[in-house]
Each structure stands twice: as structure tokens, then as C-alpha cells.
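A.B. asks: Got chain A sorted already, so can you dock chain B onto it with the hints?
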Amino acid sequence: MALKTPPINEVLITGSQSYGSIDESIGRLVLNQKLHKKAWYIMFTIGFLGTLLLGTAITWLLYQGTGIWGNNIPVAWSFDIVNFVWWIGIGHAGTLISAILLLMRQQWRNSINRFSEAMTIFAVMCAGLYPILHTGRPWVAIYWLFPFFNILGVWPQFRSPLMWDVFAVSTYFTVSLLFWFMGLIPDFANLRDRATNKIAKVIFGFVALGWRNSNQHWHRYEQAYLLLAGISTPLVLSVHSIVSFDFAVSVVPGWDVSIFPPYFVAGAVFAGFAMVLTFAIPVRRLYKLEHLITDRHIDWMAKITLATGLIVAYGYVLEAFFAFYSANTSEYALFRHIRWAGPYSWAYWMLIFCNCVAPQLFWWPWARRNPWTVMIVCQFVSLGMWLERFVIIPMSLMNNYLPSSNRPYYPTFWDIGMYAGTIGFFTMMMFLFIRFLPVINIFEIKDLLHKIAKAGNPAVEPVKASVLAGGGE
Amino acid sequence: MSGYGSAGGGGPYGMAAEFDSVEKIMDAAEAARDAGYRVMDAYTPFPVHGLSEAIGFRDTKVPWTVFLCGISGTFLGYSMEWYTSVIDYPLNVGGKPLNALPAFIPVAYESTILLASFGAFFGMLIYNRLPQPYHPIFNTPHFDRASQDRFFICIEVKDPKYDRSATRTFLEGQGALNVWEVEE
Chain A
245 MALKTPPINE VLITGSQSYG SIDESIGRLV LNQKLHKKAW YIMFTIGFLG
295 TLLLGTAITW LLYQGTGIWG NNIPVAWSFD IVNFVWWIGI GHAGTLISAI
345 LLLMRQQWRN SINRFSEAMT IFAVMCAGLY PILHTGRPWV AIYWLFPFFN
395 ILGVWPQFRS PLMWDVFAVS TYFTVSLLFW FMGLIPDFAN LRDRATNKIA
445 KVIFGFVALG WRNSNQHWHR YEQAYLLLAG ISTPLVLSVH SIVSFDFAVS
495 VVPGWDVSIF PPYFVAGAVF AGFAMVLTFA IPVRRLYKLE HLITDRHIDW
545 MAKITLATGL IVAYGYVLEA FFAFYSANTS EYALFRHIRW AGPYSWAYWM
595 LIFCNCVAPQ LFWWPWARRN PWTVMIVCQF VSLGMWLERF VIIPMSLMNN
645 YLPSSNRPYY PTFWDIGMYA GTIGFFTMMM FLFIRFLPVI NIFEIKDLLH
695 KIAKAGNPAV EPVKASVLAG GGE
Chain B
241 MSGYGSAGGG GPYGMAAEFD SVEKIMDAAE AARDAGYRVM DAYTPFPVHG
291 LSEAIGFRDT KVPWTVFLCG ISGTFLGYSM EWYTSVIDYP LNVGGKPLNA
341 LPAFIPVAYE STILLASFGA FFGMLIYNRL PQPYHPIFNT PHFDRASQDR
391 FFICIEVKDP KYDRSATRTF LEGQGALNVW EVEE
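Residue numbers (the working numbering), protein chains in the order written: chain A, 245 to 717; chain B, 241 to 424.
Isolated chain A, as found in the complex (with noise of 0.2 Å):
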């Protein structure tokens, strides 16, 4: 490798740490089931509520047709793809710490890209919903997005973002998918090595493949993780960009915007951080896991959430200026009629708090250190963006070149519900995955914590001795 790792400055391991306390921290959560109390409890079945609330959604959609939502001519899209775009933006942030941070050779993502990829599976999973139920008869939808051998003598239009959007959308599934595996892999051996259960130990020796530890496999691991890494990089950067294409590739005032590749990509890392942030704090904090998610993992996610919240701010400031600079006499009136002023620019100026103002408490090291603030912080970003994406969608649709074609677009309980819904499937999926699933990467740490041993860096605090020396234990 021709870069070389930066020097280990910062304590990213508290504690006086082994091997085998590595192993116990984050093996317990799996191994010892009596640990997860009332509180694993009232999560899951608050998630597994708003899953049955989803299936309902999505039945009653299924039977009586996206009629039940809000949707209206002009107005064709809203919640769907409002929440459609805002889950994939939660999804980048788990793409982004472990594939773009392991490339920059930043050690401290080792501690949460585990459940920063379980996190940007289940956004995607909640995502995907969107494109196909959208549609309204998805049965039939297959053909218009899927390129099938049919007899119907069509295929379909692959000049559309909408189709770019189906390959983009179902191959970041697919590769987040195989990267979160392979990296649980070595984990799943290590749990069916230390398992007592029976039933856990078969489990995981059958999902660990048989791996052995060998030398020869980490090589060949090791190698296959880097590449997969180097082809998330720009996946990643792709999936937004092409998902803003949705918008930017039209003609609608508001949409066509050149600003909204880099600023979606952008945006997506701020909400996906913010969601990181929002689950790593409590999840920590309950499973005693500080002394692996330090004060410094969240300084240092804070410090992304500000600044890719300043590019997110630079955006909107831009989208205003071409508003007015480009003398489409409709776009300025979208910004003077529906965002600046108007019975919808209350969601204007709340996003513009949400994501402007709200984050600028990051530049104060004392609020990105502590925990209560991160976490305010981060509910408005995630509320934030959620608005930009309404503000972007359904607003828009709402100003259109001849002012008879505006219509105003309001939610219904099935708008809502669906969304709720998705939020409890987010949530009762990521439970069961902290219950069932190492949550911290175990080999990454170990990795991590013998660098740090070998740094011999006095600023980094001390491990116990047998992880360096060996001490025969």
C-alpha cells in the first residue's frame, strides 16, 4: 500500500483493554441474552407496532391504489418520494464510514461501521418500498423498470433517471449487502468459537462459512474488503447523484437545478449522520460500550454533521441565486410565492433553522462533547432534511408555469402512516440487530487496539500489556 497510516493521536479505546475484552464487551450482547432489559423490550415493540402499521399501509394501498395518499395532479409526488429520498440519504452515512474512512486510513470509523452498514441496509430496505408501491399496480410496474426477456415487445427506458434509479437503488442493496456480510463474517466465527448456547454455536458456525482464521484467507479478505471499499467509494457518490437526477434532469422550476448532485450526496452524509449519531448515543450508553464509541468518535461525527451541514447550507443559498439570476420568471416566483412567503413557507423557514442554524452549535467543542446536545442537534437535522426533501418535492410541484395548474397538496393519514410505519421497521430491524448481531466490528478493534499498543504513543492511554508482549495468559 503506498499510503502510509497516520500516527494513532487520539484516544480511540478507553480503558485498560485486551483481546479478551474486546471480545466480552462486544460478544455479551449476543452471547448473554439476559442483558438486554426493559428498555431492548419497549424499542422493539414499538418498532414491531409500527411494522404492523407499514404492512397495513401497504395492503390498503395495494387493494385501493395510491388514491388514499395526498397525491394529486399537479402534485404527483410527495411523501412517497420525499421519504423515498430521505431514507436513502440516511443509508450513505453507513457507506460513507466504512468505505470512504477506511480509504483515508481514519482508524476510528472501526468502532461504528458495524451498525452504520446494518443502518444503511435497513434505510435502503425502507427506501426501496417507495419506487415499486409508488407506481400504483407494481405487478404491472415490473416490466416498465426490470429488463426481462417479456413477450410484451417493450423494454424499458433506460435514457430515465427512473430507471437509473432501479439499478442504482437495488445495486447499492446488493453491494451494502455483501460488504456488511463480509465483514461479519470473521465475527461469526468468533462468536461460534465463544458461544456456550448450542443453538447459537450451530447458527454461527453455519453463517461463519467455516472460516478458519487462516493467513491465506485474510489476504485474499483482506483484499477482496479494500476493493469492495474502493467500488463503494464512488457507488455511494453515484446512488445521490443519480437520485437527484430524478429532479434535475426535469424542467420543473425548483428541480432544474445543477446544484443537486453534490448537494444530495451531501445531504444524504448530514441526515445519515445524524441518524448514526441518534442510535449510537443511547445504544452506547445502555450497553456499556463508551470505552469503544469514545467522546471522540462523537466530537468527530459531529464535526462531519457540521460540515457537511455548512455544504447543505451553501446549496440552498446557491438554488436562491439562481432563482433569481437566471431570470426564469417561474422559478423566482416559486422562491417568492411557495418558499419565502405563502401557506407552506413555514416548512421553508423551519428547514432553514433545522439545517442552518440548528447544527452552527457544533462549532462549540463543549456541545459536540456532550451527549444530550448531539442528540437535540441531531433530531432537528434529521427533521431538517426530511423538510428540504418536502420542500424540494411537493412544493415545487405546487408552482407550475401557468398559475391554473397550481393545486395545494395536503397529507392523509395514509401518507403518514406509511412513513411512521417505515420508521418502526427501521427501528425494530436495527433492535433485533443489536441483539443478534456483534454490533462493534470485533476483529477491526483488536486490529485497531494492537496498532495502538504498537504506537506506544503516550498520549493514547496504555493497554494491558499481553496484547503487546504476550503474557501467556
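Hints may be right or wrong, so weigh each one.
As the list claims (entries may be wrong) - Computed, partial: chain A to chain B, Cβ under 8 Å:
(1) D267
(2) K282
(3) N394
(4) I395
(5) W399
(6) Q401
(7) A412
(8) L422
(9) A433
(10) G454
(11) H463
(12) R464
(13) Y465
(14) L472
(15) I475
(16) I486
What the hints assert, rightly or not - Straight-line Cα separation of at most 30 Å, DSS-like style, residue types lysine-lysine; simulated pairs:
(17) K695/A x K301/B
(18) K442/A x K278/A
(19) K698/A x K442/A
(20) K264/B x K698/A
(21) K301/B x K398/B
(22) K695/A x K401/B
(23) K278/A x K532/A
(24) K264/B x K398/B
(25) K401/B x K301/B
No wet-lab data here; the hints were simulated from the structure. Source: prediction; values computed, not measured. Ideal placement from N, C-alpha and C gives every residue a C-beta, glycine not left out.
C.D. replies: The following block gives chain B in isolation, referenced to the frame of chain A:
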């Protein structure tokens, strides 16, 4: 402390030494290579950089597989778009060209990534011959700690320089916690 590996049923597979730190196994691997042993493998809880070189293991099959799968992904993706949009179902949309190269890029790009990632994942598994539920090394006592906090090096009987007592003496001299004989 040394002894026999638990019954595997077959003849001898090799001799495994158990270490408890990265530094010790790196030294042992280099010493084994210097001593002329070639047919051996190391077992570590996490990938140890430099260990492949120390043992003398080189392999670039995975990168080549990823590259070739990626290229075929581009080709297959673009061909699919070209065939369907130019030959089989040509649609004149606003006078735009049938073979719309800029518009065809996203799908071809995503197919590249998809096939390349299949190459990486399945290639890694296939070249590693996984899933492989049984391997003689699992007969080594304490081998369950190979995924936890122990580092093993195993010199196989197939190695021309393998000798039951000489290899054992050599491994014990490397500071191993234990040296085991492993049965097939």
C-alpha cells in the same frame, strides 16, 4: 507443554504452535521461512500486516477477478442498453439519438460496480474455498482461541523439511506457549 491434537481420524496433518502476540508470530513466521519451511499457514484473530510476506504467501487472484468482472459489467450493462434501445425497441423521443451515450452511462456504471462487487465477494469466497465446514486445523486444541486472542502457526507434514522432532524443537524455540501435533 505439548501433546497430541484431538482425534481426527486420519494421519498427521502438521504441527501447530500457539502464540499470544502479534510480534511473536511475526518473528516465528520469519524464522520458519528462513529455516526453509514453505508449506505452512498462520491463524490470527485479525489480519496481521506483513505476515503474508513473512510466510512467503503471494496471491493477486482477487484483484484480477474484480477487475475482469468490472469490465464485463460495463460491457454487459452497456450492451443491454444498446440492444434494447437501438435494435429491439427504438423510441424516438424528441429527436434524441437512439444510442444516447451520456444517458446510458449511469446504468452501465452501476452494472460495473455490481459485477465488480460480486467478483470481490464471491471471488474471495471461492478462492478461499469457503464454505468449508471441516479442516484438520480445527483439531488443534485451543484452536477456538484463534478467533479470540491466540496466534497459531502450523507447519504441514507435506513440507519437505518437516521432521517430527526437529520441527517440534524449532517451534518450541520460537517462544510458543504450546506445540501440538495435529491429526487429519
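A.B. asks: Please name the hints from earlier in the document that this structure breaks, with their numbers sorted from lowest to highest.
C.D. replies: The structure conflicts with hints 2, 3, 4, 19, 22, although it agrees with all the remaining ones.
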